[in-house]
Amino acid sequence: MTDAPDLPDFKRPPAIETLMGFYYAPLKGWKIQYFGLFWNDIRKDYPEVQVQPFIASEQGLRLELKSEKARLQISGEVPVHWQYLHGSSKTLIQIQSDTFIQNWRKRNDRDPYLHYRELRPSFEDMWRRYCEFLRANKVGMPVVRECEVTYVNHIDKGVGWRTLRDLGDVISGWTGQTSGSFLPSPELISLDVVYPIKEKGGRLQVTLQPGIRDGQETLQLTLTARCKPGSSTMQELMTTLDIAREWVVRGFTDFTTENMHKIWTKTDRRERGRR
Amino acid sequence: MSATATAFKPKRTSHRPQQWSTITLLANVSSWAFECMAKISEFAQLPQNWDSYGSNPVTPDALRMARKFLSESPLALIPEPSVSPVSGGGLGFHWRVETRDLEIEFLPDGSVEYIKTVRTPEGSKSDEGIVDNFSDKKIWYWLAGELT
Numbered sequence: 022m023t024d025a026p027d028l029p030d031f032k033r034p035p036a037i038e039t040l041m042g043f044y045y046a047p048l049k050g051w052k053i054q055y056f057g058l059f060w061n062d063i064r065k066d067y068p069e070v071q072v073q074p075f076i077a078s079e080q081g082l083r084l085e086l087k088s089e090k091a092r093l094q095i096s097g098e099v100p101v102h103w104q105y106l107h108g109s110s111k112t113l114i115q116i117q118s119d120t121f122i123q124n125w126r127k128r129n130d131r132d133p134y135l136h137y138r139e140l141r142p143s144f145e146d147m148w149r150r151y152c153e154f155l156r157a158n159k160v161g162m163p164v165v166r167e168c169e170v171t172y173v174n175h176i177d178k179g180v181g182w183r184t185l186r187d188l189g190d191v192i193s194g195w196t197g198q199t200s201g202s203f204l205p206s207p208e209l210i211s212l213d214v215v216y217p218i219k220e221k222g223g224r225l226q227v228t229l230q231p232g233i234r235d236g237q238e239t240l241q242l243t244l245t246a247r248c249k250p251g252s253s254t255m256q257e258l259m260t261t262l263d264i265a266r267e268w269v270v271r272g273f274t275d276f277t278t279e280n281m282h283k284i285w286t287k288t289d290r291r292e293r294g295r296r
Numbered sequence: 415m416s417a418t419a420t421a422f423k424p425k426r427t428s429h430r431p432q433q434w435s436t437i438t439l440l441a442n443v444s445s446w447a448f449e450c451m452a453k454i455s456e457f458a459q460l461p462q463n464w465d466s467y468g469s470n471p472v473t474p475d476a477l478r479m480a481r482k483f484l485s486e487s488p489l490a491l492i493p494e495p496s497v498s499p500v501s502g503g504g505l506g507f508h509w510r511v512e513t514r515d516l517e518i519e520f521l522p523d524g525s526v527e528y529i530k531t532v533r534t535p536e537g538s539k540s541d542e543g544i545v546d547n548f549s550d551k552k553i554w555y556w557l558a559g560e561l562t
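So the protein lines, in turn, are chains B and D.
Going by my numbering, the final residue of the first sequence carries number 296, and the count climbs one at a time with no gaps.
Going by my numbering, the final residue of the second sequence carries number 562, and the count climbs one at a time with no gaps.
Next comes chain B alone, as it looks inside the complex:
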């Protein structure tokens, strides 16, 4: 893959986690024992597992209320969600009957930044292995509905902001102004903004939430791009993933201020010639 030369880049971005995922219709023929069988295939690299509650997808849970009857309809073959933890504790694979996700996280400041170009091959390789596993076990192949790229950023207090009154120094669209003088300064601000991605029938969701991580006050800025692939071929899926990632990067840059770009050392990709 080649990045667009004008795609923004940062030397010290605040990203602490990256997630790539595919969402599809519940697999035909999927059985609960396949979670364990797949673990056997990857156990050398992913020695620990956790079983978690099933995460309902947007299409997965629908409540229908009719005048004659009320009916709760839950689709999905197996109501569990398995997590496979890599030996490095930096990578996680999450699988359920309609979802395949890989996460990477920074455990501390010493861990290097999570470069998409370095993570993408790992995701492609694990997806390929998963599809081979499904094929070998005669499980229906996934018909992918959405491809997702998420970046979770932690903008710590003291880095460009000290109180929520400074939010306009971080978020480009935030002024905090009111039309009168009645309201005091807010004690909590949460933002949830969704932008359409017309070229792939998708959406970019941007959320900002104050939080505490290991005793450190921070603003969690999460950007999630979900796009619809034209087919489920590997090339189409990875191309769709690339578009989602581009929306996350450009969206992050647009959503944040030039003041923060200086702190994160925004660079010209054409000069750096990498990533």
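Calculated directly from the structure, the hints in this document are not laboratory data.
Please read all numbers here as calculations on a predicted model, not as lab measurements.
Using N, Cα and C, we set each Cβ at its ideal position, and we do this for glycine too.
Wrong hints could be hidden among the right ones.
[Stated by the list, open to error] Derived DSSO-like pairs (lysine-lysine); straight-line CA-CA distance at most 27 Å:
#	chain 1	residue 1	chain 2	residue 2
1	B	K127	D	K482
2	B	K32	B	K249
3	B	K219	B	K178
4	B	K52	B	K219
5	B	K287	B	K178
6	D	K530	D	K552
7	D	K552	D	K482
8	B	K52	B	K65
9	D	K453	D	K539
10	D	K453	B	K178
11	B	K111	D	K482
12	D	K482	B	K178
[Stated by the list, open to error] From the structure, some residues in chain B lie toward chain D, with a derived Cβ separation under 7 Å:
#	residue
13	P34
14	E38
15	L58
16	I122
17	R128
18	N129
19	R138
20	I210
21	S211
22	Q230
23	Q241
[What the hints assert, rightly or not] Derived CB-CB ranges, DEER-like:
#	chain 1	residue 1	chain 2	residue 2	range
24	B	P100	D	L460	49 to 55 Å
25	B	Q71	D	N470	39 to 45 Å
26	B	T184	D	S549	26 to 32 Å
Take the given structure of chain B and dock chain D to it, following the hints.
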């Protein structure tokens, strides 16, 4: 004629379950914990000699551990404390429930200690120690009188 309405699961939640990294979102903490966070931020601004006895300001390590306590403890079990700065650069949380007193002090070096006291007609009996696991529920059951 039958009317039909369809309600879909909300598409956006405050916390995406797919996220791996752990964080406590302030929107999800109890109101007293939120107010404690605000007080802690105020105490972070205290100057040198804030107590007029030459005390240092509250240290960053003490502040960090107090916030960590509020983000990792089982808040549903914990009543609202009184919070105050402690001379020397620490922070103290104090609870009094009937005959029981509990003090948790966040020391300037980031260590955390507790002292719990039971008051009886015969006098008071105290016990103290180090807090090294904020998720431990035993001390809160003790404060509620469910453990001796």
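Do the hints match the structure? See the list:
no.: 1; hint: K127/B with K482/D; result: holds (19 Å)
no.: 2; hint: K32/B with K249/B; result: violated (30 Å)
no.: 3; hint: K219/B with K178/B; result: violated (35 Å)
no.: 4; hint: K52/B with K219/B; result: violated (36 Å)
no.: 5; hint: K287/B with K178/B; result: holds (20 Å)
no.: 6; hint: K530/D with K552/D; result: holds (12 Å)
no.: 7; hint: K552/D with K482/D; result: holds (18 Å)
no.: 8; hint: K52/B with K65/B; result: holds (23 Å)
no.: 9; hint: K453/D with K539/D; result: violated (30 Å)
no.: 10; hint: K453/D with K178/B; result: holds (16 Å)
no.: 11; hint: K111/B with K482/D; result: holds (22 Å)
no.: 12; hint: K482/D with K178/B; result: holds (15 Å)
no.: 13; hint: P34; result: violated (15 Å)
no.: 14; hint: E38; result: holds (5 Å)
no.: 15; hint: L58; result: violated (23 Å)
no.: 16; hint: I122; result: holds (6 Å)
no.: 17; hint: R128; result: violated (9 Å)
no.: 18; hint: N129; result: violated (12 Å)
no.: 19; hint: R138; result: violated (21 Å)
no.: 20; hint: I210; result: violated (10 Å)
no.: 21; hint: S211; result: holds (5 Å)
no.: 22; hint: Q230; result: holds (5 Å)
no.: 23; hint: Q241; result: holds (6 Å)
no.: 24; hint: P100/B with L460/D: 49 to 55 Å; result: holds (52 Å)
no.: 25; hint: Q71/B with N470/D: 39 to 45 Å; result: holds (43 Å)
no.: 26; hint: T184/B with S549/D: 26 to 32 Å; result: holds (29 Å)
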